[in-house]
Amino acid sequence: MAYFRTKIRSGARSGIGLAALLAGLSALPAHAADTAEAAAETADAAAEAADDASAAADDSREDGIFVVGTRRGTRVLEAASLIDLVSREELDQGGAITLQQSLFRISPSFNFPQGSAARVGGGATRSASLRGQNPDLTLVLVNGKRRHGSVATGGTFPYGGAGYADINAIPLAAISRVEVLLDGASAQYGSDAIAGVLNLGLRENDSGGGLTATLGTYKKGDGETGALSGWIGTSLGGRGFLNVSADYSRRGSTDRSGPDIRPRYFRIADDGSLLPTNSTAGTADPREPYGRDRVGQWGNGQVEHLAVLANFGYDLTDQLQAYGWVNYANTNTRSWVNPQVPSSPSNIRAIFPDGFQVVGEYYDDNYSAVGGLKYDAGASGRFDLSLIYGRHARDTHNFNLVSPSYGLDSKTDLYSGQVTAEQFTSALDYDLDIDAGLARPIALQAGIAFRHERWWISKIGEEQSWNHGGVPILDGSQAGQPAGWGGTEQGNAPWDVTSGNRQVFSGYIGADFHLTDKLLVEITGRGEHYSDFGWTATGKFSARYDISPALALRGTVSNGYHAPSVGQLAYQSSGYAGTWNHSGITPEPNRTRQVTPGSTVARALGGGPLEPEKALNISAGFVLRPIENASLTVDVYQIDVDNRIVTTQALTGAVVEAATAAAGIPDYKSITFFTNGLDTRTRGVDTLARYGISLGQDASLDLSGGFSLYDTTVQRVRANTVSSVALFQRNVILNPELGTPEYKIVLGADLTVGKFSASLNQLFYGKYTYVHPTNAANDEVYGAKGYTNIEATYRLTDSTRVTVGANNVFDTYPAQFIAANQVNGINRYSFIHPEGANGAYYYARLAVDF
Numbered sequence: 134m135a136y137f138r139t140k141i142r143s144g145a146r147s148g149i150g151l152a153a154l155l156a157g158l159s160a161l162p163a164h165a166a167d168t169a170e171a172a173a174e175t176a177d178a179a180a181e182a183a184d185d186a187s188a189a190a191d192d193s194r195e196d197g198i199f200v201v202g203t204r205r206g207t208r209v210l211e212a213a214s215l216i217d218l219v220s221r222e223e224l225d226q227g228g229a230i231t232l233q234q235s236l237f238r239i240s241p242s243f244n245f246p247q248g249s250a251a252r253v254g255g256g257a258t259r260s261a262s263l264r265g266q267n268p269d270l271t272l273v274l275v276n277g278k279r280r281h282g283s284v285a286t287g288g289t290f291p292y293g294g295a296g297y298a299d300i301n302a303i304p305l306a307a308i309s310r311v312e313v314l315l316d317g318a319s320a321q322y323g324s325d326a327i328a329g330v331l332n333l334g335l336r337e338n339d340s341g342g343g344l345t346a347t348l349g350t351y352k353k354g355d356g357e358t359g360a361l362s363g364w365i366g367t368s369l370g371g372r373g374f375l376n377v378s379a380d381y382s383r384r385g386s387t388d389r390s391g392p393d394i395r396p397r398y399f400r401i402a403d404d405g406s407l408l409p410t411n412s413t414a415g416t417a418d419p420r421e422p423y424g425r426d427r428v429g430q431w432g433n434g435q436v437e438h439l440a441v442l443a444n445f446g447y448d449l450t451d452q453l454q455a456y457g458w459v460n461y462a463n464t465n466t467r468s469w470v471n472p473q474v475p476s477s478p479s480n481i482r483a484i485f486p487d488g489f490q491v492v493g494e495y496y497d498d499n500y501s502a503v504g505g506l507k508y509d510a511g512a513s514g515r516f517d518l519s520l521i522y523g524r525h526a527r528d529t530h531n532f533n534l535v536s537p538s539y540g541l542d543s544k545t546d547l548y549s550g551q552v553t554a555e556q557f558t559s560a561l562d563y564d565l566d567i568d569a570g571l572a573r574p575i576a577l578q579a580g581i582a583f584r585h586e587r588w589w590i591s592k593i594g595e596e597q598s599w600n601h602g603g604v605p606i607l608d609g610s611q612a613g614q615p616a617g618w619g620g621t622e623q624g625n626a627p628w629d630v631t632s633g634n635r636q637v638f639s640g641y642i643g644a645d646f647h648l649t650d651k652l653l654v655e656i657t658g659r660g661e662h663y664s665d666f667g668w669t670a671t672g673k674f675s676a677r678y679d680i681s682p683a684l685a686l687r688g689t690v691s692n693g694y695h696a697p698s699v700g701q702l703a704y705q706s707s708g709y710a711g712t713w714n715h716s717g718i719t720p721e722p723n724r725t726r727q728v729t730p731g732s733t734v735a736r737a738l739g740g741g742p743l744e745p746e747k748a749l750n751i752s753a754g755f756v757l758r759p760i761e762n763a764s765l766t767v768d769v770y771q772i773d774v775d776n777r778i779v780t781t782q783a784l785t786g787a788v789v790e791a792a793t794a795a796a797g798i799p800d801y802k803s804i805t806f807f808t809n810g811l812d813t814r815t816r817g818v819d820t821l822a823r824y825g826i827s828l829g830q831d832a833s834l835d836l837s838g839g840f841s842l843y844d845t846t847v848q849r850v851r852a853n854t855v856s857s858v859a860l861f862q863r864n865v866i867l868n869p870e871l872g873t874p875e876y877k878i879v880l881g882a883d884l885t886v887g888k889f890s891a892s893l894n895q896l897f898y899g900k901y902t903y904v905h906p907t908n909a910a911n912d913e914v915y916g917a918k919g920y921t922n923i924e925a926t927y928r929l930t931d932s933t934r935v936t937v938g939a940n941n942v943f944d945t946y947p948a949q950f951i952a953a954n955q956v957n958g959i960n961r962y963s964f965i966h967p968e969g970a971n972g973a974y975y976y977a978r979l980a981v982d983f
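Quick note: to get my numbering, add 133 to the position in the sequence shown (first position is 1).
No lab work stands behind these hints, which were simulated from the structure alone. Do not rely on the hints blindly, as some may be mistaken.
[As the list claims (entries may be wrong)] Below 25 Å or equal to it, Euclidean Cα-Cα: the simulated DSS-like pairs (lysine-lysine) are: (1) Lys-900 to Lys-888; (2) Lys-544 to Lys-592; (3) Lys-352 to Lys-918; (4) Lys-918 to Lys-353.
[Stated by the list, open to error] Simulated restraints, written as ranges between beta carbons of each label pair: (5) Ser-368 to Lys-900: 45 to 55 Å; (6) Leu-836 to Leu-449: 42 to 52 Å; (7) Gln-895 to Gly-354: 20 to 30 Å; (8) Gly-354 to Val-630: 41 to 51 Å; (9) Thr-416 to Asp-546: 30 to 40 Å; (10) Ser-833 to Thr-631: 18 to 28 Å.
Positions of the beta carbon are idealized from the N, C-alpha and C atoms, including for glycine.
Produce the entire structure from the sequences given, and follow the hints as far as they go.
This is how it looks when you write it as structure tokens:
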């Protein structure tokens with residue numbers, strides 16, 4: 134049938150051939166119908182246009198065809214919800230070598246801190262935050278299929294969340310377009326789609342290919358980057374396509390540390406004995422000034438990344454098509470952790486007389502495979518049967534450290550163990566066009582799905598990473614006192630080996646009604662059953678009214694649902710305190726544990742089993758097309774999220790010790806756990822504008838602008854009705870309100886004159902605040918700041934392009950930490966800065982098409 138031929142010929146550029154049908158929790162796509170004569174003509178016309186205009190025609194942000202969140206291929210400006218469509222051409226700009234870097238500079242609603250100093254929160258996992266929500270409230274799809282999550286059990290400052298997908302695991306070369314649905318979509322796609330949906334469209338070319346090489350470095354001379362990216366497409370006997378894409382990159386680390394501001398060596402008493410570093414007696418060690426500026430490094434980690442994806446489609450008959458893809462990604466991340474002063478009780482001075490800085494490495498492997506059959510039964514509708522498997526495993530190894538309780542037998546590198554998460558989904562989706570005498574056929578869709586999720590500690594660390602060797606502190610002012618458990622960075626202990634799993638069954642039904650030529654109504658309902666949370670129901674109602682060809686009004690209302698990740702439910706870990714914390718006060722040495730939310734200890738201290746996060750989304754806006762090649766969309770929204778999952782502070786004191794003693798773990802004096810701690814309300818506005826200007830033959834100017842403004846307020850904080858301990862530090866409560874920029878502005882100008890093109894990308898961020906965990910006097914407010922990115926390209930031949938560019942061309946840095954917040958002595962910048970703190974970055978790129 135023409136449906137399959139159109140899909141293979143025009144690939145992802147058409148969007149008609151991959152019209153995503155919203156499936157159960159697997160979010161599986163079905164295709165826009167072409168049995169109705171009008172729909173068939175639309176699909177054929179779109180395919181021909183895509184072929185004639187090469188890749189860019191349908192990928193325009195202004196008039197491109199999108200498939201996420203709808204049953205038919207629909208043009209962006211005709212949607213009932215806000216869609217930000219990013220073309221392949223835009224992804225190629227800006228010196229980005231990963232998808233996350235690229236989207237961050239293009240989409241105003243897309244946020245995720247670009248700095249990756251130490252291993253915090255999600256570690257090496259790079260994801261997306263939309264409309265100021267945690268990244269696990271944004272659902273990631275690939276060709277309309279739900280992407281598996283990660284092992285992460287924490288967010289990246291200042292965001293929380295867990296289990297979110299790593300979008301960098303998809304090769305940038307494999308992507309033809311990105312569709313960002315900025316609207317609640319739980320009724321359409323299931324759990325996670327509260328803030329929106331990120332749909333990554335894959336290349337489906339049946340011929341041609343490309344190879345891109347990129348070199349770059351920061352102005353400071355570090356962070357050297359080298360990357361190769363390529364793809365190739367081939368026809369499968371004229372009945373299908375095979376497209377293979379790969380990315381490889383190496384990014385050097387950066388160092389923006391300052392001199393260590395802490396006392397480093399013991400003070401010396403008159404009799405020669407050693408005193409604590411903070412003592413006022415005695416004299417300073419004569420080595421004290423030594424090495425203050427050579428203590429360690431603090432900046433972006435070193436990253437080596439490989440991602441490969443093969444995508445295919447094949448017509449078995451005129452009505453039956455097989456499709457699928459396989460994807461593998463490996464990311465090795467090396468980062469420098471908090472440096473230990475020589476006098477630290479976590480140090481063995483006979484091994485490291487001048488202290489040390491741990492070097493930690495993550496080894497992340499992502500695997501995914503998708504296979505399916507699509508059957509066109511003509512007037513009886515279309516069917517899509519699919520199977521999806523995804524797996525993420527992370528190994529951790531630490532170097533340049535000690536295990537204090539093993540004394541002189543301590544090793545200096547320790548394997549910390551492995552954590553694994555996997556997801557399997559099967560689904561059957563159905564859609565049908567029904568001619569009911571309306572302006573267009575009704576698009577009916579329905580489906581059922583099953584999903585299995587699992588998270589577990591798959592390997593423990595080697596013994597010295599978690600055990601106690603029985604040797605006390607060997608020397609110094611604390612000589613003879615008990616040494617801490619495990620390594621300086623602790624590994625997975627046998628008693629913390631946990632696992633969790635769940636099964637989810639879901640069904641949905643929905644329809645799009647063009648009641649008149651001007652009025653569109655979309656309704657979707659979903660029911661889901663979770664093996665650990667029971668039944669839930671979600672729904673969505675959207676409407677759009679075209680007042681005239683130049684002006685349309687639109688709005689939606691929906692409720693959303695986000696189940697706690699299996700990792701959050703099962704995670705447990707042990708540690709040892711006594712080195713430093715964010716209050717700047719050295720705590721008493723003690724064993725620490727994060728317990729599972731439903732454990733007896735958590736219950737006794739005010740916690741309990743986690744509940745799902747639930748949301749209510751309301752939005753309204755307009756679409757304005759005042760003149761040809763110009764558009765403006767403005768959408769206001771409100772997102773209420775109840776039962777947001779957060780981590781308690783380290784709970785200590787007599788009540789805690791009584792609870793751990795009663796649970797049979799009296800050695801643990803400090804406890805944390807996940808809990809449903811906050812209700813929040815976010816109100817905001819998203820604006821997108823675009824204007825294309827023809828400057829004559831072979832010359833054009835495209836202007837674009839995006840503005841995302843939001844304000845989050847905490848409506849409720851969980852009260853501790855069980856015990857007297859305070860559950861949260863102030864930053865947990867205030868970060869949602871203050872920790873992210875008040876707004877983000879993205880301005881763009883793309884000029885093309887013959888073989889030459891140039892682009893300007895200007896970003897502005899509103900003010901935001903580093904919230905100190907315990908002391909409001911140490912809060913730091915960062916004012917509005919702009920970052921300028923420029924690029925120039927010259928086409929040497931029809932198939933060869935050379936590009937030079939600069940990101941943050943004016944070498945802009947955020948303000949540095951005050952001394953009170955430099956808790957590890959050398960960290961001059963906060964984690965929360967949206968652009969990081971590395972300064973200007975310069976790059977050159979050579980691209981060849983074939």
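Of the numbered hints stated previously, which ones are contradicted by the structure, given in increasing order?
-> Numbers 1, 10, in rising order.
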